[in-house]
Amino acid sequence: MRLYKKLILGTSALLVAGGLTAFTRDDRFFEIARNLDIYATMFKELNMYYVDEVNPNRMVKTSIDAMLKSLDPYTNFYAEDDIEDYMTMTTGRYNGIGATIGTRQDKSIVMMLFEGTPAEKSGLQIGDEILKIDGVDIKTRRDADTGKLLRGQTGTAVKLTVKRFGQKDPVEISVMRDVVKMTNVPYYGMLNDEVGYIDLKDFMAAAGREVRAAYQELKGKGMKKLVLDLRENPGGLLDQSIDISNIFIPRGSEVVTTKGKVTEWNKSYAAQAPALDTEMPVVVLTNNHSASAAEIVSGVIQDYDRGVLIGQRSYGKGLVQTTRPLSFGTRMKITTAKYYIPSGRCIQAIDYSHRNADGSVGKIADSLRTAFKTRAGRTVYDGGGVTPDIQTEAQTPTPIAISLTNKGLIFDYAVKYKHDHPSIKPAREFKLTDAEYQEFVKWAGDKEYDYTTQVEKDLGVLEASAKKEKYFDQIQNQLQALKSKMSHSKDADMKTFQAEIRALLEQEIAGHYYLQKGIKEASFTTDTDIKTALDLFKDMNKYERILKGSK
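So the sequence shown is residues -22 to -1, 1 to 529, counted in mature numbering (1 follows the signal peptide of the UniProt record, and there is no 0).
Just so you know, not all the hints are guaranteed correct.
[As the list claims (entries may be wrong)] Calculated pairs, DMTMM-like style, for lysine to aspartate or glutamate (alpha carbon to alpha carbon, straight line, at most 20 angstroms):
| hint | residue 1 | residue 2 |
| --- | --- | --- |
| 1 | K85 | D59 |
| 2 | K99 | E150 |
| 3 | K425 | D123 |
| 4 | K468 | E426 |
[Said to hold, decoys possible] Each pair of labels, with its calculated beta carbon distance range:
| hint | residue 1 | residue 2 | range |
| --- | --- | --- | --- |
| 5 | T357 | D469 | 47 to 55 angstroms |
| 6 | F143 | N33 | 19 to 27 angstroms |
| 7 | P34 | T506 | 30 to 38 angstroms |
| 8 | A354 | Q458 | 25 to 33 angstroms |
| 9 | Q373 | L457 | 29 to 37 angstroms |
| 10 | T78 | R12 | 31 to 39 angstroms |
| 11 | E407 | A343 | 47 to 55 angstroms |
None of these hints come from the bench; they were simulated from the model.
We treat Cβ as the ideally placed atom computed from N, Cα and C, and that holds for glycine.
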């Protein structure tokens, strides 16, 4: 198996290398035909003589993936079996039950239910362990694909056998499959009497319509200022970024221009409809996971001085993908162009066309970035994502918080808490008491969640370097004293980082009662970026100074 994978990868590299040489048109076609013939000949030989049976579909998929990986992460091949997943990704719809299933310690656990879906209506609960799907024991059937088993035609039932916390015997639940629509806006609401909030997490089909509907509803509730949250938004469909930008800028305003190898495809896109509001103060939240279409919207807001950006520099994906149909029902999503926002800048941060000797790629150096101007004359830069007007520090979780989360202890305690408490206050008001937090500390006391702090790692590196360079004997005593002093204690860390751990617990618990909306509302009081936005809205003189470039 390892041998043929190497051969396939080698052939893929050959095909790519052929494409990088400067050929005439006829030479290029000859080289493509020659390399494809080599590939086909090698494939036949492998199939005929390799010691074990080979899977043709898997081998070809491996070779194609390796070839495309040498280009950029966004040019992808979708086999016929993957088309359903691809359609779900672009349309946000699928036939199923509406639950997120995760795997923990070889167990299939219901991690989240989506509001109004068959899963929620059926009585399925977050924390349920799925044992069987339509009688198929998914623990013994290692080849069972839980996601595919749960999907099916609308109107058909799927029978689940689940193990539920606090109940001795398994529970059987029948769920009627239906069309499940994944929302682009999982939450919107009022942060206070005059500030509205829209959490936009995707740019799938209908994203613009969802944002417009949320905007108008909030305006009807008295919204006078808006926080648009694009954090953790990976982007999506280009037309949706244009539609959402159009909410804030007038008809006819340029939104984005695309430029690529096929010049006939180069196009400038403008807002087509009347804006909903060109005057309302807007804050856009971004972080380093805001990408692609999310960067177009945030960049448009910044380039037209339409609002203030708060958070961290965005990801820097200025590439456009086009889907091309291939034979036998397969598809390829291929990078065909770069996009440029109204100031003229392209925010692509990584140069995939120039790789290092080891195949890696690096970000464009800040020194190579070019300055551009917004409509009001503010200086902005290309080549590195969109830089917020007010930059905040990304909240780095502590090692104990990471361990408690990754080991599933935050989640497991939320399951236990919901079993022990039939109801809680609304998510915005819900807080754990000191006594309840101590109950969690006691419960976690005998659980396995050890971790190594960064200081401990650094001391380990220092000790290794001292030994290598023969200085260890001289600093051994001081090093041991430091290690003893900095060695973490779980009990001490539970107290030192209580605020962070409590916030995680409160959000997780709220999610078990109020689903995604509960998680979001429980986070408001500890969200640094939202606090910064609210503080800015209290000082509208500062808001205006930022937009005029006179901070």
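Outcome of the hint check:
no., hint, verdict
1, K85 <-> D59, "25 angstroms, violated"
2, K99 <-> E150, "14 angstroms, holds"
3, K425 <-> D123, "30 angstroms, violated"
4, K468 <-> E426, "11 angstroms, holds"
5, T357 <-> D469: 47 to 55 angstroms, "51 angstroms, holds"
6, F143 <-> N33: 19 to 27 angstroms, "40 angstroms, violated"
7, P34 <-> T506: 30 to 38 angstroms, "52 angstroms, violated"
8, A354 <-> Q458: 25 to 33 angstroms, "59 angstroms, violated"
9, Q373 <-> L457: 29 to 37 angstroms, "32 angstroms, holds"
10, T78 <-> R12: 31 to 39 angstroms, "48 angstroms, violated"
11, E407 <-> A343: 47 to 55 angstroms, "48 angstroms, holds"
This entry does not satisfy hints 1, 3, 6, 7, 8, 10, going by the numbered hints stated previously.
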